[in-house]
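Top to bottom, those sequences are chains A and B.
Under my numbering, think of the first position of the first sequence as 1, with each following residue one higher.
Under my numbering, think of the first position of the second sequence as 1, with each following residue one higher.
Hint data in this document are derived by calculation from the structure and do not stem from the laboratory.
There is no bait here: all hints are sound.
For lysine-lysine, the following DSS-like pairs were computed, each having C-alpha atoms within a straight-line distance of at most 30 Å:
1. 95/B <-> 161/A
2. 122/B <-> 161/A
3. 122/B <-> 95/B
4. 161/B <-> 161/A
5. 115/A <-> 161/B
6. 21/A <-> 161/A
7. 119/A <-> 161/B
8. 65/B <-> 21/B
9. 161/B <-> 26/B
10. 119/A <-> 26/B
11. 95/A <-> 161/B
12. 65/B <-> 161/A
13. 39/A <-> 65/A
14. 122/A <-> 161/B
15. 26/A <-> 119/B
16. 26/A <-> 95/A
17. 161/A <-> 26/B
18. 161/B <-> 65/A
19. 122/B <-> 26/A
20. 65/A <-> 26/A
21. 161/B <-> 39/A
22. 115/A <-> 95/A
23. 161/B <-> 21/A
There are 2 protein chains.
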Amino acid sequence: MAIDTFELMTATFSQMLPALKNILSKAEANCALRNIDPKVMLTGRIAPDMFDFTRQVQIATDQVKGGMARLAGAEVPSWPDDESSFGDLAARIDKALAFMSGFTPDQYDGAETRKIELKFPKASFEFQGREYLLGFVLPNFYFHMTTAYAILRHNGVEIGKQDFLGG
Amino acid sequence: MAIDTFELMTATFSQMLPALKNILSKAEANCALRNIDPKVMLTGRIAPDMFDFTRQVQIATDQVKGGMARLAGAEVPSWPDDESSFGDLAARIDKALAFMSGFTPDQYDGAETRKIELKFPKASFEFQGREYLLGFVLPNFYFHMTTAYAILRHNGVEIGKQDFLGG
Numbered sequence: 001m002a003i004d005t006f007e008l009m010t011a012t013f014s015q016m017l018p019a020l021k022n023i024l025s026k027a028e029a030n031c032a033l034r035n036i037d038p039k040v041m042l043t044g045r046i047a048p049d050m051f052d053f054t055r056q057v058q059i060a061t062d063q064v065k066g067g068m069a070r071l072a073g074a075e076v077p078s079w080p081d082d083e084s085s086f087g088d089l090a091a092r093i094d095k096a097l098a099f100m101s102g103f104t105p106d107q108y109d110g111a112e113t114r115k116i117e118l119k120f121p122k123a124s125f126e127f128q129g130r131e132y133l134l135g136f137v138l139p140n141f142y143f144h145m146t147t148a149y150a151i152l153r154h155n156g157v158e159i160g161k162q163d164f165l166g167g
Numbered sequence: 001m002a003i004d005t006f007e008l009m010t011a012t013f014s015q016m017l018p019a020l021k022n023i024l025s026k027a028e029a030n031c032a033l034r035n036i037d038p039k040v041m042l043t044g045r046i047a048p049d050m051f052d053f054t055r056q057v058q059i060a061t062d063q064v065k066g067g068m069a070r071l072a073g074a075e076v077p078s079w080p081d082d083e084s085s086f087g088d089l090a091a092r093i094d095k096a097l098a099f100m101s102g103f104t105p106d107q108y109d110g111a112e113t114r115k116i117e118l119k120f121p122k123a124s125f126e127f128q129g130r131e132y133l134l135g136f137v138l139p140n141f142y143f144h145m146t147t148a149y150a151i152l153r154h155n156g157v158e159i160g161k162q163d164f165l166g167g
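Excised from the complex, chain A in its bound form (with noise of 0.2 Å):
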């Protein structure tokens, strides 16, 4: 048995990004209900130290971004991280969505074996493409999935684990 990338991508994030867009109308149905001003589970952390709820979306968005496009060999759009509201991240996972269907199988022939190269402010990265994929973009992607459903659980909206799931 053997997974297209192009198929593994496209059904994660088929499966995710709206299940994600239904958790932020959730979360901004409960902001009303208990009548808490949304910025502040929008600023919501696990740590002082780790990405606010606004952050984790954006991240995530941006590994469907990345993944889609370097395994490509497309260039990587920057998106302009302004978001504010709960209308905003749920437009931006819109924008991930239209996106993702912009490229076609075919675009992923090869992929695997594609260089990827990573450049951050404190340090660069060189996988495969298939490591790639699965080492980082999969793993970050659920990281940030994760740690924004978790902020949320955190500040009492009420989601549960098949929210997460979605599908």
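Add chain B to chain A, keeping to what the hints say.
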């Protein structure tokens, strides 16, 4: 580009489980340093109605056991869930890695269409193999891995994203 199921699972688990083991040892050392009873950390939670740290590690390793066995059409063994220390949890991670090593790539021929049935007290789920792996095993594995990490971060253990990613 296509990725073999066996390879997808073993590459993922071989990177993430040793990373989790390393995180456990950092958490244990942190408890000693701050004179905190390890039980406090092992029973820590992100929300009162979420599972504690110990259970998160148990369920993460259950995905390894369930994914490897079910997709090979093998019996899923029952493990007692009686871990009560960081050492016990490290041993459970080793057990999951050893279990994984007992399988070979050829056992996953045709696994993508294998019918997988999951029975829980409140619900049953039926999947095809591919859907079970991408839509259940991987999201659940990463969900519980990340929640375990988040509980430690919330409790002040000095770990970072690179510890989570391992590799």
